[in-house]
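Asks: The listed protein sequences correspond, in order, to chains F and B. Residues 1 to 384 in my numbering are what the first sequence lists, from first letter to last. Residues 1001 to 1289 in my numbering are what the second sequence lists, from first letter to last.
These are calculated hints, taken from the structure and not from any lab test. Check the hints yourself; a few may be wrong.
Here are the simulated lysine to any residue pairs, SDA-like style, with alpha carbons at most 25 Å apart [to be verified]:
id : chain 1 : residue 1 : chain 2 : residue 2
1  : F       : 81        : B       : 1250
2  : F       : 379       : B       : 1068
3  : F       : 233       : F       : 371
4  : F       : 379       : F       : 240
5  : F       : 233       : B       : 1250
DEER-style ranges, computed between Cβ atoms [to be verified]:
id : chain 1 : residue 1 : chain 2 : residue 2 : range
6  : F       : 86        : B       : 1071      : 30 to 36 Å
7  : B       : 1140      : F       : 337       : 44 to 50 Å
8  : B       : 1111      : F       : 209       : 45 to 51 Å
Covered stretches of chain F (in silico footprint by chain B; criterion: 3 or more residues with CB under 8 Å from a CB of chain B, positions within the stretch not fixed) [stated by the list, open to error]:
id : region
9  : 203-211
10 : 282-292
11 : 374-381
For every residue, glycine included, the Cβ atom is placed at its ideal position computed from N, Cα and C.
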Amino acid sequence: MKRCILGIGLMVFIALVGLAASGKVTLLYMTAGDINMLALAQNVLGPMFSERYPEVELRTVHTGPGDAGSQLIFEKLRAEKLSGKETWDVDVAMVHQIFMSWAMAEGDLLLQYAQDLSTWQYVTSPHAKYALGTPVEGYVMPMFHSQVAIAYNPKYVPEPPRSYEELVEWVKAHPGKFGYNGIKGGMSGVAFVVGWVYWKTGKYEKYAITGPYDEAEVASWEPIFKELKEFNKYVTITAGNVGTLDALNRGEIWMGPVWVDMFYTFMLTGKMDPNIRLVLPEPGLPGQPMYFVIPKKAKNIEWAKKFVEFVTSPEIQAKVIVEKYNWYPGIDGTYIKDYVSPEAYARLYRDITPEELRTKGLSFALSKYHTAILEAYEKWTIGG
Amino acid sequence: MRSGQSEGKKERGGASALLPFLLLLPAVTFVLFLYLYPLVASIIRSFTVSGESYSLANYSKAWALYKRDIIFTIEVAILGTLLSTVLGIALACYVRLSRSFVARFVNSVSRLAIFLPYVIVGQMMRSFLAPHGFLNVMLANIGIVDLNSPIQFFNIKGLLLGFLWKEVPFISFLLLSALQVINDCYLEAARSVGAKTRHVVMHILIPMIKPAIMIAGVLTFCTIVSTFTLPYMLVTESPTMVTVDIAHRVTYFRDYGVANALGVVLYLLATPMAVYYLRRTVREAIYGY
């Protein structure tokens, strides 16, 4: 861990020294997430931003996928706070929802900046107010929203299940043809399990929005996870997020939960059978945004705000976030309609309408429930 | 004259008393900081619960959640080591005894595997062994497998195949260098009194390279126990290997306590091997056998 932070510190240092010489303003951007987040910043957003503002250059430091990537950013900011420095190295960062619960609990790490942006008016997502139950309004701007949905092959599944109940029936009638990646191979599998808990308990509000955390709830889940264990006997467990997509494409499975953005990206690059469709069954599946945050004592606060404003503008949201990366926009979808090509808009909202997304696009559970769900799965579904 | 001599001796004595330690200092510091410190720190942290208090809580949680994975890891490590050692010996003896073009070809092609990292092997095996992957489709074409219920390889079978693919060439590479130094006259002598190939292998070659076999086995065992990428990419069902659980604890829970406890379990698995290896190399250095 410490070595990782040291490594990142070194990268930051090199990035800063490199730019000090050129006389331009260096905007240091730290991003968590998969490798595509690095490519997005380095190859797309950075050059576009510099084209508009030639006096600024974006330097990107990538910290890696999953919560661990966000954790490194958290550790870095906390170290800067504890150091008592007047200005901090990182100007702007891209983080997962879980980061917000750590950062807000730590306190004094982030700037409340979002209301100052001209693009704040376009943000309607509930995720901009609460991140896994933590109030974050003003501290975050969502860059995009990614959603998990069930992909199915209409050749074998003419009538896809519209709810978890129907799905379970279908799976029992077609053993081995539904696949997901468990909980150790990526978040699409985790999302399916979290959705299972919401369905079985009917307590989405308590687990994902209001809280509070209650140990007794967790103890009551044993039968739910035992049922999931029974259900798993009829499914194929795939090797990761990509494993599910590959298995769908090869026809090994006919149905499985996938990240919508990965799904469309696979399709656009010819790695996915173009006939495969998506469905969001009742009561819904979780998705998550990724957020821009600005550290409290960032060196270039004004430029950082301009950068976030730039990326959350309807134009960039349409051209980059939707058309290039197949994410749902971070701002309200209605504002991007004028900028996005009709095909891209139709593609993104063909199977899952914006209304469906509003009602069935759920949040992941509050961090303590989330941990409890994962451990319950290990204990009762794959263990003992 | 006399006194001058003794003075000179004294000086040399002072310098030579310190010199070995000075020469050793960089290496020792390096080992202490980069190996011993993390090792000790991880052991201490495996007993630490939420900052300060010491207890066995991490271990009991690790055992409760991952005991099947620990047993699975031991199974894979033992089976993988035994199988790849046997096959590695067979390959090395074949290359040593045969003078054919095929033997040389097999030898050089198999070397490739040594240089490929496990992540590449994992990706390769993922498409090769998938339910509708190359292997199953090939077997289906010759009528051995029904594609509607293909052979499932994303479990211990595929994992062992992946390990064998990479470790057999490594072992044969190590053993071949030991086999090359055996003088042909032993083999010719045995053959002249009627020994068949299997006799030559069992009674001459293998006994003469026994130390090398043991070392190769030890190295393979430790590699299998500590490999993360291959099980992470290949094994989808539970149980899986402990390294995957360690990553899971850290990535999803930021739980370094249980992760370190699982790490200590892996150290314990590797310790007998390390002790054996160390004794062997020290003995070799001192007594030459």
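Asks: Against each hint, give a clear statement of whether it holds in the structure.
Replies: Hints, one by one, checked against the model:
Taking the CA atoms of residue 81 of chain F and residue 1250 of chain B, the gap is about 24 Å. The hint holds against a cut of 25 Å. With a C-alpha separation of about 11 Å, the suggested pair residue 379 of chain F and residue 1068 of chain B falls inside the 25 Å cut-off, and the hint holds. Among the hinted pairs, residue 233 of chain F with residue 371 of chain F is consistent with the structure: their alpha-carbon atoms are about 24 Å apart, no more than 25 Å. For the hint pairing residue 379 of chain F with residue 240 of chain F, the CA-to-CA distance comes to about 20 Å; that is within 25 Å, so the pair holds.
Between residue 233 of chain F and residue 1250 of chain B, the direct Cα distance comes to roughly 28 Å. Violation of the 25 Å bound is thereby established for this hinted pair. Separation of residue 86 of chain F from residue 1071 of chain B is about 55 Å and departs from the stated range, judged on CB atoms against 30 to 36 Å. Distance hint check: the CB atoms of residue 1140 of chain B and residue 337 of chain F are about 48 Å apart, consistent with the given range 44 to 50 Å. For the pair residue 1111 of chain B and residue 209 of chain F, the beta carbons lie near 58 Å from each other, so the given range of 45 to 51 Å is not met.
Counting residues of the region 203-211 of chain F whose beta-carbon sits less than 8 Å from any beta-carbon of chain B gives 0, not enough to reach three: the coverage restraint is violated. Evaluation of the coverage hint for the region 282-292 of chain F: breached, as 0 residues show C-beta separations to chain B shorter than 8 Å, against a requirement of three. Counting residues of the region 374-381 of chain F whose beta carbon lies closer than 8 Å to any beta carbon of chain B gives 4, which reaches the threshold of three, so the coverage claim holds.
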